[in-house]
Amino acid sequence: MMSKLKTIVDEIKQVFGIKLADSTLGKRKTEKKAKKSIVRLHEQKFDKPLEQLSKVTGKLVFGDTQKPLHNIELELWDRDIGSPGDYLGVGTTDYNGEFTIYYDPSKAGFLDAPDLELRLLDNRISFDNDNEIVSTYRIAYTIKGGDNVTQKEYDFGTRTVPYWLYKPDSHFARLFFSELEGTPDDYSVGRTLNGYDAASSLVPIKAKHVITNTLNPNEPTLKEIQADYPPNLTINLDRQNPGYTRSDEYFVARVLNGMNPALFKRNKNNPNQLKVTFNWDAYEKDDDHDLHNVEAFFELKEGKLVVTAITVQSRYPDSFAPYSALKDPVTYKPTDGDKWLQAKRIFRTNSFFAAEMTEHYIKAHLQMEQYTIATFRNLRKNPVRLLLYPHVKSLVNINQRADEVLVSPTVGLVTTNGPLTPASVVQVCKEQMASFDWKGWQPRQPLCEAHTFAKIANLYWQVLTEAIDNFFQSNQEDIIAEWAEIHRLSDDIIEHSVAYQPLPELKDDEYEWYDRHELDKPGIPRVTVNGTVKATRPITTTDQPSASDLDNLKELVRYVIFHITFWHSWVNDAQADEGGEIFYNSLALRGGSFGSEDDPAIAPNTLESTNLIYMVNVLTAIKYGYILKNEDDDVVLELRTALARYKKEFADLNYDVGNIRALINV
1 MMSKLKTIVD
11 EIKQVFGIKL
21 ADSTLGKRKT
31 EKKAKKSIVR
41 LHEQKFDKPL
51 EQLSKVTGKL
61 VFGDTQKPLH
71 NIELELWDRD
81 IGSPGDYLGV
91 GTTDYNGEFT
101 IYYDPSKAGF
111 LDAPDLELRL
121 LDNRISFDND
131 NEIVSTYRIA
141 YTIKGGDNVT
151 QKEYDFGTRT
161 VPYWLYKPDS
171 HFARLFFSEL
181 EGTPDDYSVG
191 RTLNGYDAAS
201 SLVPIKAKHV
211 ITNTLNPNEP
221 TLKEIQADYP
231 PNLTINLDRQ
241 NPGYTRSDEY
251 FVARVLNGMN
261 PALFKRNKNN
271 PNQLKVTFNW
281 DAYEKDDDHD
291 LHNVEAFFEL
301 KEGKLVVTAI
311 TVQSRYPDSF
321 APYSALKDPV
331 TYKPTDGDKW
341 LQAKRIFRTN
351 SFFAAEMTEH
361 YIKAHLQMEQ
371 YTIATFRNLR
381 KNPVRLLLYP
391 HVKSLVNINQ
401 RADEVLVSPT
411 VGLVTTNGPL
421 TPASVVQVCK
431 EQMASFDWKG
441 WQPRQPLCEA
451 HTFAKIANLY
461 WQVLTEAIDN
471 FFQSNQEDII
481 AEWAEIHRLS
491 DDIIEHSVAY
501 QPLPELKDDE
511 YEWYDRHELD
521 KPGIPRVTVN
531 GTVKATRPIT
541 TTDQPSASDL
551 DNLKELVRYV
561 IFHITFWHSW
571 VNDAQADEGG
581 EIFYNSLALR
591 GGSFGSEDDP
601 AIAPNTLEST
611 NLIYMVNVLT
621 AIKYGYILKN
631 EDDDVVLELR
641 TALARYKKEF
651 ADLNYDVGNI
661 RALINV
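UniProt numbering puts the first residue of the sequence shown at 1, with every later residue one more than the last.
In short, the hints are calculated from the structure, not lab data.
Honestly, I wouldn't trust all of these hints.
Claimed, not checked - DEER-style ranges, computed between Cβ atoms: (1) Lys339 with Asp318: 22 to 32 Å; (2) Phe16 with Asn654: 35 to 45 Å; (3) Leu215 with Ser83: 54 to 64 Å.
Claimed, not checked - Pairs of lysine to aspartate or glutamate, EDC-like flavour, derived with a Cα cap of 20 Å: (4) Lys381 with Glu43; (5) Lys268 with Asp287; (6) Lys327 with Asp287; (7) Lys33 with Glu43; (8) Lys167 with Asp186.
Glycine is no exception: its CB is placed at the ideal position from the N, C-alpha and C atoms.
All chains should be modelled from the sequences, with the hints used to inform the complete structure.
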């Protein structure tokens with residue numbers, strides 16, 4: 001009884017919490033908090049010659065690697081109890097992490113010997129209407145110095161700073177979040193308020209379903225759950241053209257261009273025959289869901305892709321362990337009536353589950369964190385920070401949230417609604433990350449005329465190439481001058497990269513990948529660190545770049561921006577289209593999986609159903625942070641101009657470039 005009461009109370013708390021945050025009072029509180037965190041950078045002005053001033057010296061190093069914390073701006077203050085203190089001086093660490101700050105001790109006040117405090121300042125960049133840089137500062141960390149300092153020279157010594165630290169116990173390059181220090185990279189106010197607004201109308205719906213189900217396990221029905229949420233793409237399409245979303249035509253369109261745009265294999269002897277496979281033999285199945293290996297077969301007929309068959313091979317209900325015994329594979333064809341519709345549904349659930357786990361969480365969120373941490377740890381003077389900052393910001397915050405709502409063992413969408421155990425989800429993360437890298441990567445080529453995803457991806461790749469080339473042409477001298485930051489960026493990425501391991505592949509004598517542009521390039525050399533071959537390759541190994549080093553940097557920047565902007569936009573924003581109708585799709589099925597769509601014994605249970613529809617709606621309803629809207633005024637002009645120039649070409653592919661997000665903040 002107490003657990004039921006707690007469930008009900010928790011849901012009510014969530015509703016009141018989000019309503020309060022979305023209220024006028026809550027919004028004002030958010031705005032006030034953001035303004036309070038911003039500090040004004042002071043100018044260094046002295047009315048005495050240097051020899052009459054006092055000075056402080058010291059050295060700052062990262063708290064995890066003990067490497068010098070270079071090029072970070074500092075302010076020296078006199079601490080005063082009950083007041084903001086007195087500003088004394090300003091300085092910057094050099095590439096050894098060392099600093100010297102001159103100050104006039106009389107600025108601490110009449111008869112007040114200064115109590116020294118060193119403030120480390122983070123800055124974020126935006127651009128004004130004339131495309132001039134505007135810097136905004138916040139205090140990243142404070143270091144307490146001596147009290148009542150009277151000596152002319154004071155040495156802070158070598159101080160370790162908990163600045164953008166790597167999480168020490170993580171298999172992947174993840175940020176260490178300290179409860180004391182909090183996040184080093186808050187959301188912008190606009191994103192925070194937009195998030196509250198998006199959740200405000202959806203949280204009460206989910207709460208109603210959870211409370212109702214807690215009081216009566218047979219309620220609400222799946223139809224009642226579905227009716228309470230906004231209609232998604234499949235519902236609206238079927239209202240216009242009943243049955244269309246269950247047709248073979250729509251099935252092929254989603255395999256080519258849906259949330260999980262498939263990378264096909266082609267028959268070695270007949271290039272018109274292709275297939276897409278999802279195989280889960282190597283993973284442990286959970287207790288609640290069915291797990292099937294599926295293969296969908298396709299044929300190119302006069303340039304048009306058609307689906308010809310789907311083979312389903314199921315595990316036995318008690319076959320939990322990896323490489324468990326399987327039932328005999330069964331192949332279904334378009335002439336098989338209801339069984340054919342059910343086989344397509346099983347394929348859709350496999351594709352949707354793989355999309356959420358691999359294409360969304362691993363490829364966009366998890367993979368991009370290694371580049372994000374290295375960027376903020378190292379880029380403070382190099383102009384490349386202007387290219388990367390607007391895209392990598394906020395990612396560590398949303399990833400901390402994604403760890404909970406997507407892959408947490410107890411409440412994660414992928415781990416609780418999907419068919420694999422939490423340990424197997426982690427296994428997939430490790431396998432995928434072990435083969436990902438920027439070097440030599442580019443989008444797949446179109447397979448057929450209807451392959452609009454590939455066409456759009458290549459067009460956007462062209463946009464990025466032009467924008468980055470233009471940016472480098474304008475800033476190359478300064479990029480080279482501060483190349484030591486790029487060297488340190490590269491070193492951080494490599495040292496914290498996972499070990500390289502080729503992605504496991506099924507033995508297949510008849511088929512091969514139709515396009516390998518997005519796959520691992522084992523022929524390109526990798527580096528070894530402390531006996532471990534690293535998955536991610538270096539940009540450079542010196543403080544002075546070669547021509548190939550500059551090309552490497554362009555390539556890495558293009559790869560990172562592509563995945564953070566276009567790739568994540570495509571996958572994230574299709575979640576409601578793919579998973580917003582429980583009868584059309586879900587992350588897994590139950591009860592043997594073959595049966596009518598509205599059979600509650602086969603569909604996800606009540607709580608899984610409302611949680612799925614709630615999550616995919618929230619994650620697509622947050623609409624803040626787009627390249628062309630440039631709400632935070634920080635996306636470089638070169639990218640905005642290049643993208644706008646190709647608006648018509650994208651529109652001809654039925655794609656609105658205004659929908660490309662600038663960053664991962666959902």
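Tested hints:
1. Lys339 with Asp318: 22 to 32 Å: holds (24 Å)
2. Phe16 with Asn654: 35 to 45 Å: With Cβ atoms ~42 Å apart, the hint holds.
3. Leu215 with Ser83: 54 to 64 Å: holds (55 Å)
4. Lys381 with Glu43: holds (18 Å)
5. Lys268 with Asp287: violated (39 Å)
6. Lys327 with Asp287: Satisfied, since the Cα-Cα distance of roughly 18 Å is no more than 20 Å.
7. Lys33 with Glu43: violated (25 Å)
8. Lys167 with Asp186: holds (18 Å)
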